[in-house]
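**Q** Letter by letter, the chains look like this.
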Amino acid sequence: DQQVKQNSPSLSVQEGRISILNCDYTNSMFDYFLWYKKYPAEGPTFLISISSIKDKNEDGRFTVFLNKSAKHLSLHIVPSQPGDSAVYFCAASEGGGTSYGKLTFGQGTILTVHP
Amino acid sequence: SAVISQKPSRDICQRGTSLTIQCQVDSQVTMMFWYRQQPGQSLTLIATANQGSEATYESGFVIDKFPISRPNLTFSTLTVSNMSPEDSSIYLCSVVLLGQGFDEQFFGPGTRLTVL
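Chains A and B, in that order, give the protein sequences.
Residue 103 in the working numbering is what sits at position 103 of the first sequence, and the numbering runs on without skipping anything.
Count along the second sequence from 1, then add 1000; that gives the number in the working numbering.
The reader is advised that the hints may include incorrect statements.
[Claimed, not checked] Cut-off 30 angstroms, straight-line C-alpha distance, at most; resulting in silico cross-link-like pairs (DSSO-like, lysine-lysine):
#1 Lys71/A - Lys5/A
#2 Lys5/A - Lys37/A
#3 Lys1007/B - Lys56/A
#4 Lys54/A - Lys102/A
#5 Lys71/A - Lys56/A
#6 Lys102/A - Lys68/A
#7 Lys71/A - Lys54/A
#8 Lys37/A - Lys71/A
#9 Lys102/A - Lys37/A
#10 Lys68/A - Lys1007/B
#11 Lys102/A - Lys1007/B
#12 Lys37/A - Lys1007/B
Calculated directly from the structure, the hints in this document are not laboratory data.
Input sequences plus hints: build the corresponding full structure.
**A** What follows is the structure, given as structure tokens:
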């Protein structure tokens, strides 16, 4: 039972354009959501998060949007840069971010940004 | 931030053998975890490594198959026992640093295991 789904295995965009990565979840108890970025031969690194009490969180070029009614979140990268090319994982947890470590991950989306 | 090292970085093992993976952190941590990423799949939490006591396993994972030790705050091992080709995965440890929040979870580089 895949509770967090990233339905696009890959995404290709041009440098300078917007990248939009999508994530859907089924567990209505999830109330904290995170995005991680992973380069080859490295572990995932935390990128940005959002609590369910918000619908948007922004950090520089990265913005995460949450639509609770649709159980959907998205990560926007503007403008996209070649160095953003990586695998992006969506993750979710229960307990408002206090349930340390119990993250449920999506399958990941491979983002390629072309110069 | 934290520097997390894992040994070995990769290994190729024969069916029926066991492999122990080490995770070392250069900072004081509160929580340590072990994840598995099977080919083409998402990361799945195996267990929480508890200092000085038995690990807490997630559904579908058992101590006999994945014994875990955590003798101190900065070190943990995961053993993959009696391996089969289905155990071929990337195994990652992750930590939450002392005094930092949930979203500061750091991951190690992973151990790529291939079972023949």
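**Q** Run the distance test for lysine 71/A versus lysine 5/A: straight-line Cα separation, threshold 30 angstroms.
**A** holds (11 angstroms)
**Q** Sort out whether lysine 1007/B lies within 30 angstroms of lysine 37/A, counting only the CA atoms.
**A** holds (22 angstroms)
**Q** Run the distance test for lysine 1007/B versus lysine 56/A: straight-line Cα separation, threshold 30 angstroms.
**A** violated (39 angstroms)
**Q** Lysine 102/A and lysine 68/A: Cα distance at most 30 angstroms?
**A** Holds: lysine 102/A and lysine 68/A sit about 20 angstroms apart, inside 30 angstroms.
**Q** Take the C-alpha atoms of lysine 71/A and lysine 56/A, compute the straight-line distance between them, and say whether it is at most 30 angstroms.
**A** holds (14 angstroms)
**Q** Run the distance test for lysine 5/A versus lysine 37/A: straight-line Cα separation, threshold 30 angstroms.
**A** holds (16 angstroms)
**Q** For a C-alpha distance cap of 30 angstroms, please report whether lysine 102/A and lysine 1007/B respect it.
**A** holds (24 angstroms)
**Q** Does lysine 102/A lie within 30 angstroms of lysine 54/A when you go C-alpha to C-alpha?
**A** holds (21 angstroms)
**Q** Given the hint that lysine 71/A pairs with lysine 54/A, does the C-alpha gap stay at or below 30 angstroms?
**A** With Cα atoms ~13 angstroms apart, lysine 71/A and lysine 54/A stay inside 30 angstroms; holds.
**Q** Lysine 68/A and lysine 1007/B: Cα distance at most 30 angstroms?
**A** violated (40 angstroms)
**Q** Does lysine 71/A sit within 30 angstroms of lysine 37/A, going by the straight-line distance between their CA atoms?
**A** The hint holds at about 21 angstroms.
**Q** Checking one constraint from the list: CA of lysine 102/A to CA of lysine 37/A, max 30 angstroms. Satisfied?
**A** holds (18 angstroms)
Consistency note: the structure conflicts with the earlier hints numbered 3, 10.
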